[in-house]
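K.L.:
Given next are the chains, with one letter for each unit.
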Amino acid sequence: MSRKTADAVIVGGGIIGAAVGYHLAKAGFKVTLLEKKFPCAGSTGRCIGGIRAQFSHELTIKVMLLSIKLFQNFKEEVGDDIEWYAGGYLFLAFDEERKRSFLKAIEIQRQCGLDVAFVSADECARIVPGLNTEGLIGGAWCPTDGQANPFKVTFGYLKRMRDLGSKVYTETEVVGININKGRVVSVVTNRGDEFFAPVVLNAAGPWASEVGRMAGVSVPVTPDRHEALVTEAVERCLDPMLVDYRSDGCYFLQHYGTGHIIGCYTPVPLVPGYRLDSSDEFITEMPRRMIRLLPKLSSVKVLRQWAGSYEMSPDGNPICGRTSIEGYFVAAGMSGHGFMFGPAIGKLMAEMITTGKSTIDLSEFRLDRSFTKSEAMR
Amino acid sequence: MGHGNRTKRAVKKSALNSVIVCRCEEISEDEVRQAIKNGYHSPEELKRILRIGMGHCSGRGCMRVVARMIEEIAGIPIAKLQFPKSRPPVKPIKLQLLGQYRYESENS
Chain A
12 MSRKTADAVI VGGGIIGAAV GYHLAKAGFK VTLLEKKFPC AGSTGRCIGG IRAQFSHELT
72 IKVMLLSIKL FQNFKEEVGD DIEWYAGGYL FLAFDEERKR SFLKAIEIQR QCGLDVAFVS
132 ADECARIVPG LNTEGLIGGA WCPTDGQANP FKVTFGYLKR MRDLGSKVYT ETEVVGININ
192 KGRVVSVVTN RGDEFFAPVV LNAAGPWASE VGRMAGVSVP VTPDRHEALV TEAVERCLDP
252 MLVDYRSDGC YFLQHYGTGH IIGCYTPVPL VPGYRLDSSD EFITEMPRRM IRLLPKLSSV
312 KVLRQWAGSY EMSPDGNPIC GRTSIEGYFV AAGMSGHGFM FGPAIGKLMA EMITTGKSTI
372 DLSEFRLDRS FTKSEAMR
Chain B
8 MGHGNRTKRA VKKSALNSVI VCRCEEISED EVRQAIKNGY HSPEELKRIL RIGMGHCSGR
68 GCMRVVARMI EEIAGIPIAK LQFPKSRPPV KPIKLQLLGQ YRYESENS
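Here the protein sequences come in this chain order: A and B.
Heads up, the first sequence is in the working numbering, so the first residue is 12 and it goes up one at a time.
Heads up, the second sequence is in the working numbering, so the first residue is 8 and it goes up one at a time.
Accuracy of the hints is not assured; some may be wrong.
To be verified - With a straight-line cut-off of 27 Å between C-alpha atoms, the simulated BS3-like cross-links for lysine-lysine are:
hint, chain 1, residue 1, chain 2, residue 2
1, B, K92, A, K163
2, B, K98, A, K307
3, A, K312, B, K92
4, B, K44, A, K86
5, A, K48, B, K87
6, B, K87, A, K170
No wet-lab data here; the hints were simulated from the structure.
Make the full structure from the sequences, and use the hints.
P.N.:
Written as structure tokens, this is what we have:
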């Protein structure tokens, strides 16, 4: 067994691990990131790339406002073009109850300084030409929300992290975490290496509860299977992410860089577990839902379908911070929003690890909370 | 939005003086070579950073060439490489056509 040392070991090569790793490396830490397959192999690489500040919790909105700023400045700060595009997010309301829930969230969002409004059905059709407005009451519209390329963001962070002297090991699975007197000591991998570090971060996404168990820490994160599809590239026809929250709704956007339309829906009932095969149900149901909203898409061709895991926490909010084991941190349970939270969580967790305190107080997301404040705009 | 509306784009500059490996996404041999030299030694990673294999043919046209290039440049035998999973539908199908099919249940 080879013994190695680091200032911090990060478990997981998705957006969260990469972003925290980059910010730690920037602060002078020698980081070792361990990824059991390859970067983006888990949830990050399967997400559709939407980025929004339209949430119902003040803290989530503040975190997302920071994240959007970091996405905007990514090229200057980190170096890669991540295809950031502020096309906005349009949440559709087809009944009064949904409208009320949007209005309530908009009030909080506006207090946080977000440029957001409830707009009429006609205005929705102006924002999305060709939108089927049958039964539509209106929509929650924020033009500063947007999209970026999850691969480019994650690989961009990892590249800078390596340039700053940190290490990334792919195809390397963590099989054990050693604790001594309530303090984290080392991480053992399937390759027989042992990495000694005073700081270990669990950024294992849907596998966060397993990686928690290795340290004797209970992390209540469970995977939910979501499916997605991508169409061929077509000329620009859709600017924002279009979100239809009906039980038979869906959400999709047109990728700004390439012209592909990417979307998914939340299955009812939810599908817990790690299964990531493609279903016939999704590939027939999703096109119907997309065409119902935007009939002009009917002759666009589907290239591919796939599945990924939402890493759900009990209340739909992230789990970020310290644990009962000294030096063992967790940043997981992003509940379907890990990619968009990534840059901000990366910066804030790195602050917490290096200085003991983050510039935005994340204590509402701590592991030992009661999990009672559910997110309304999941 | 028929065929006439597909994205019309000029051939990328990087593709002009090089052999094209991925025809769907216009990825040149030079780009693949550079990425492998930059340390991306798996078809899965190359797919994600270059979009190689993400186009109409889903990698049927390019993945074997990519595998040979990895073997040649990085010295990893093709037999040891992991390839991206093939995803349905095998060929591009219109949304309308897929949506006409009524799916009954997992077991029917």
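K.L.:
A separate judgement is required for each hint: does it hold in the structure or not?
P.N.:
Hint check:
no.: 1; hint: B:K92 x A:K163; result: holds, 21 Å
no.: 2; hint: B:K98 x A:K307; result: holds, 21 Å
no.: 3; hint: A:K312 x B:K92; result: holds, 20 Å
no.: 4; hint: B:K44 x A:K86; result: holds, 23 Å
no.: 5; hint: A:K48 x B:K87; result: holds, 14 Å
no.: 6; hint: B:K87 x A:K170; result: holds, 24 Å
Hint violations for this structure: none, all hints satisfied.
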